[in-house]
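Chains as they are written, first to last, in UniProt numbering: chain A, 1 to 484; chain B, 1 to 482; chain C, 1 to 95.
What the hints contain is simulated information worked out from the structure, not anything from laboratory work. Each hint should be verified, as a subset may be incorrect.
Calculated lysine to aspartate or glutamate pairs in the EDC-like style (CA-CA distance at most 16 Å, straight line) [what the hints assert, rightly or not]: (1) A:Lys334 / C:Glu18; (2) B:Lys72 / B:Glu96; (3) A:Lys233 / C:Glu69; (4) B:Lys221 / B:Glu165; (5) C:Lys10 / B:Asp269; (6) A:Lys233 / C:Asp85; (7) A:Lys411 / A:Asp335; (8) B:Lys130 / C:Glu84; (9) A:Lys233 / B:Glu108; (10) B:Lys130 / C:Glu69; (11) B:Lys115 / B:Asp159; (12) B:Lys172 / B:Glu108; (13) A:Lys383 / C:Asp57; (14) B:Lys115 / B:Glu165; (15) B:Lys72 / B:Asp269.
Residue-level listing of the chains:
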Amino acid sequence: MHTKTIAQLIEGLRSKEFSSVELTRHYLQRIKERDGTYNSYITVTEEAALAQAEAADQRLAAGDDNPLCGIPIAHKDIFCTTGIRTSCGSKMLDNFIAPYDATIVENYQKAGAVMLGKTNMDEFAMGSSNETSYYGPVKNPWNTNCVPGGSSGGSAAAVAALLAPAATASDTGGSIRQPAALCNLTGLKPTYGRVSRWGMIAFASSLDQAGTLTRTAEDSAIMLNAMASFDAKDSTCVDEPLEDYTAKLGDSLQGLTIGIPEEYFGEGLNPQTAERVQAAIKVYESLGATTKSISLPHTHLAVPAYYVIAPAECSANLSRFDGVRYGHRCDDPKDLADLYKRSRGEGFGDEVKRRILVGTYALSAGYYDAYYNKAQQVRRLIKQDFVDAFNQVDVVLGPTSPSPAFEFGAKSDDPVAMYLEDIYTIATNLAGLPGLSIPCGMVDNKPVGLQLIGNYFAESKLLNVAHQFQLATDFHQQLAPETA
Amino acid sequence: MEWETVIGLEIHVQLSTQSKIFSGASTAFGAAPNSQACAIDLAMPGTLPVANEQAFRFAVMFGLAMNAEIGKRSVFERKNYFYPDLPKGYQTTQLEEPIVGPGVIDIELENGETKSIRLHHAHLEEDAGKSLHEDYQGMSGIDLNRAGTPLIEIVSEPDMRSAEEAVAYLKKIHSIITYLGISDGEMSQGSMRCDANVSVRLKGEEEYGTRCEIKNINSFKFVEKAINVEVERQIDLIEDGGKVVQETRLYDADKNETRSMRSKEVANDYRYFPCPDLLPVILDDDYIAEIKSKLPELPDAKRDRFVSDYGLSSYDATVLTAERATADYFESVAKTSGEPKLAANWVMVDLAAYLNKSEQKLADCPVSAKHLAQLIARIKDGTISGKIAKQVFEAMTNGEGDPDSIIEKRGLKQVSDTGAIEKMVDEVIANNQAQVDNYKNADEKKRPKMLGFFVGQIMKASKGQANPQAVNEILLKKLNEQ
Amino acid sequence: MAVNQSDIEKLAELAKLEISTEAAGATADSISQVLELVDQLQAADTTGVAPMAHPLDAVQRLRADQVTEADQREALQAMAPATEDGLYLVPRVIE
């Protein structure tokens with residue numbers, strides 16, 4: 001069962017090949033047996049999952065036609081779940097149990113999906129290797145000496161190790177797409193505002209966007225259908241018409257123009273990764289698409305702008321963790337300042353503290369214009385690059401990540417090297433565009449990701465461009481060793 | 001040396017919306033601690049703010065009333081600092097692009113002059129919770145019911161030159177917000193709070209002196225006292241060769257002094273930046289025009305109308321229009337009784353004295369406008385005298401009912417029956433022959449004065465109910481007949 | 001822009017983070033590295049470019065003024081570190 005895609009599982013449930021309870025038990029059993037190796041889950045919600053599966057079976061028996069009814073999925077531990085701990089990968093929230101659900105959690109519940117558990121992640125989604133989690137690092141199922149990417153490393157490892165058919169995730173600078181690339185998955189970050197942020201613990205509010213990690217683009221479309229909604233509780237959620245994201249999956253790529261930004265193939269890109277991406281371009285040409293060289297001239301400024309804006313927003317977003325109303329509180333505070341400083345000092349890990357300090361610096365008196373304001377101006381220039389590009393092309397194509405998965409510890413002492421992991425994914429967040437990563441081959445038995453970036457709200461087209469590639473190739477069907 | 005005081009006020013006004021500015025929790029006053037603090041107000045992780053339309057409507061109403069520019073685009077920013085009553089660790093407020101821009105308002109001074117005070121701007125923001133300092137296991141308790149209540153902060157230019165002007169300005173703002181119905185303006189409940197920026201300079205100087213911000217001024221009376229005591233302190237300091245330090249000072253009403261708040265001195269760097277969870281609010285001309293068309297009559301317009309419609313003096317009209325409730329009450333009495341001048345007198349003198357003495361608000365007053373109008377009508381139609389009316393009024397304040405039934409029940413109706421009065425006059429003349437002789441022998445010019453004695457006796461005999469006009473006529477006739 | 005240990009102490013004070021004296025030096029170094037990265041922004045020509053705080057340049061939707069939240073104090077205080085009589089407790093706040 002576990003090798004099936006969601007599309008195949010839907011068939012299996014409908015044809016009564018297996019029930020949701022059987023399917024759920026099977027995954028729970030696999031998690032029990034195998035997750036010791038990967039550490040992809042922080043919390044497994046066995047009891048709740050079985051209860052949901054039973055309810056789903058009843059719905060199915062009553063003729064429920066919601067595709068996700070009875071399908072088990074995992075949620076990144078950044079999404080609040082009523083009655084179940086939501087840690088965000090941090091000691092700070094080790095004891096936090098929200099009395100409310102994230103909108104996307106609710107949406108999946110309504111669709112009848114079954115929650116297997118909450119997946120591991122970099123602390124507060126800050127990291128590209130899943131090494132900053134309070135709950136320990138996650139191992140890449142393709143090579144357990146290597147990182148799975150981050151921050152949604154737990155979601156990626158769980159899907160790649162076939163411990164969940166799909167998982168939700170979040171992407172602030174590449175946190176869905178980079179782990180997808182490193183774990184041979186399809187990772188979708190929708191347009192900013194397409195999916196509600198209510199109940200998703202904020203890292204950088206103007207960049208955060210929920211999305212999915214799946215094995216195929218088709219699964220991704222099925223997952224997005226349930227995830228996307230207009231939500232009045234999120235002021236930044238967009239009231240654009242919803243569509244059936246699977247509807248365009250059969251469209252031909254004839255006449256499609258793909259933009260290849262020269263800046264995405266420069267210094268810093270692993271030559272073998274570049275080869276795999278070039279080969280993918282050839283596949284697209286064989287499918288009838290036209291490719292066109294384009295320029296996104298401000299690409300080199302994306303990482304610098306991001307590392308002002310994201311820390312600035314996070315420095316304020318994380319002020320609420322003060323040991324007063326919930327979360328970690330230090331023992332015997334001697335006064336108010338001590339309560340704040342020790343609770344936060346003990347509750348947050350080094351990378352979170354580093355970003356809070358950088359953000360505090362960027363916003364402080366005398367530096368605001370040079371850093372924060374400047375970064376917001378550059379952000380507009382970056383967005384304009386894409387606006388210009390989409391006047392000429394339908395999608396933009398490039399590598400997701402400069403190189404395949406690296407070993408644990410390789411970059412953890414060098415924050416800047418770690419930050420450059422997201423050099424190709426960050427601009428998409430700054431501009432608010434949808435982006436997707438799909439498998440396009442291997443380098444040293446490690447997966448390589450191909451990134452596709454679409455215009456605003458063009459998720460349907462983007463998913464079909466990915467789907468057509470997956471119809472023509474089998475990279476996405478390759479499974480990590482010892483998982484089948 | 002002659003000193004000049006320079007004052008600017010920052011007034012925080014709680015808006016009377018039903019729900020909070022960024023959440024659907026109730027803003028009602030006096031609920032059990034934290035029972036009105038929802039997940040958003042508590043800054044629970046993953047929660048998000050959505051702005052309340054009514055708060056914008058109220059702010060726009062205020063801006064229009066202040067003849068101010070309305071910010072068609074306004075932006076919420078985060079003001080970052082840690083305090084237990086501030087759950088998010090930042091206050092959501094407006095800085096660069098506030099909802100209300102510069103404006104101007106006239107204040108009336110006691111000497112009858114008016115003065116224009118410029119508004120720098122007014123912005124929307126969220127209120128903080130409250131720290132309770134009673135002993136809870138040696139700790140402070142935090143109640144976040146108030147957190148997220150919408151406020152407008154009204155920032156004046158430093159245009160006031162005395163505590164009296166500051167009070168007049170504050171009262172004017174109070175009058176405007178209560179007229180608009182955008183706040184209850186209760187200073188005692190913290191619905192309206194005032195900080196004063198105070199500095200002094202030698203008369204004729206161009207440059208402002210170093211200012212201090214005085215916090216915690218929670219009544220009109222204290223505004224005056226706090227400013228005066230601070231001005232004194234600054235002048236003494238400078239005259240003794242010292243220098244004013246720019247700082248925040250707390251007014252202590254018990255000691256009538258201001259003292260430095262050193263805790264607030266620690267290098268404040270609020271790191272303002274636009275709130276990424278909220279988007280710019282854009283208001284179009286139609287929206288603003290619609291609000292403008294529904295604005296109630298404001299104090300200045302009402303005062304002018306009272307002068308022209310009811311023939312009141314400008315002073316009386318100003319007093320009567322200072323509070324909307326008073327103005328509405330007066331106008332109802334005036335219209336129902338058809339006696340605006342009498343109505344003005346009764347409202348400003350008797351009613352005001354009663355409310356003052358009983359420490360009541362007009363809204364709780366047992367004397368309705370309808371009944372006061374009835375009372376005035378009874379004076380006018382001669383049923384009772386002005387003097388008896390005061391007795392009736394007192395009975396009305398005791399809740400004894402409408403004036404007619406009080407007059408009836410107590411038998412206070414004026415005696416106009418000439419037969420009865422003649423009898424009383426005869427008796428008084430018979431019992432006071434000496435005074436009658438004096439009267440008769442007195443000079444013509446002195447007689448009217450001497451008449452008072454007889455009138456007094458007759459009124460006493462009638463328990464004040466004899467019609468004074470009839471008494472006078474009959475008395476004169478009878479005395480002349482002697 | 002490089003920051004030194006005393007800058008870190010000031011930032012840590014603003015951000016209310018305890019950072020030990022031993023760690024402050026290393027923190028200063030790593031933050032200096034990050035600042036060196038972001039200093040590349042200074043070379044960008046942004047003359048006349050409006051800052052962009054939000055990717056879609058969207059505008060705020062306003063909510064109707066309705067009370068939608070009931071009292072949930074019990075559930076919300078279930079995980080509070082210290083409460084009494086419905087109040088959150090903190091070390092004495094000195095005015």
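Here's how the hints hold up against the structure:
Under the criterion of a C-alpha separation no larger than 16 Å, the hint pairing A:Lys334 with C:Glu18 is consistent with the structure, at around 14 Å. Using a Cα cut-off of 16 Å, the hinted pair B:Lys72 and B:Glu96 holds, with the two alpha carbons roughly 13 Å apart. For a cut-off of 16 Å, the pair hint linking A:Lys233 to C:Glu69 stands: about 13 Å separates their Cα positions. Between B:Lys221 and B:Glu165 the alpha-carbon distance is near 13 Å, which keeps this suggested pair within the 16 Å criterion.
The suggested pairing of C:Lys10 with B:Asp269 holds, with an alpha-carbon distance near 11 Å, which does not exceed 16 Å. Of the pairs offered as hints, the one joining A:Lys233 and C:Asp85 is violated, with about 30 Å between alpha carbons and a cut-off of 16 Å exceeded. Restraint check: the Cα-Cα separation between A:Lys411 and A:Asp335 comes to about 38 Å, which exceeds 16 Å; the hinted pair is violated. This hinted pair checks out: B:Lys130 and C:Glu84 have alpha carbons roughly 15 Å apart, not beyond 16 Å.
For a cut-off of 16 Å, the pair hint linking A:Lys233 to B:Glu108 is broken: about 46 Å separates their Cα positions. A hinted pair counts as satisfied when its Cα atoms are at most 16 Å apart, and B:Lys130 with C:Glu69 does not qualify at roughly 20 Å. As the CA atoms of B:Lys115 and B:Asp159 are separated by approximately 9 Å, the hinted pair is consistent with the 16 Å bound. A distance of roughly 9 Å separates the Cα atoms of B:Lys172 and B:Glu108; the hinted pair therefore holds under the 16 Å criterion.
Restraint check: the Cα-Cα separation between A:Lys383 and C:Asp57 comes to about 11 Å, which is no more than 16 Å; the hinted pair holds. With a CA separation close to 9 Å, the supplied pair B:Lys115 and B:Glu165 stays within the 16 Å bound. Restraint check for B:Lys72 and B:Asp269: the C-alpha separation of about 29 Å exceeds 16 Å, so the hint is violated.
Of the hints listed earlier, those the structure fails to meet are numbers 6, 7, 9, 10, 15, in rising order.
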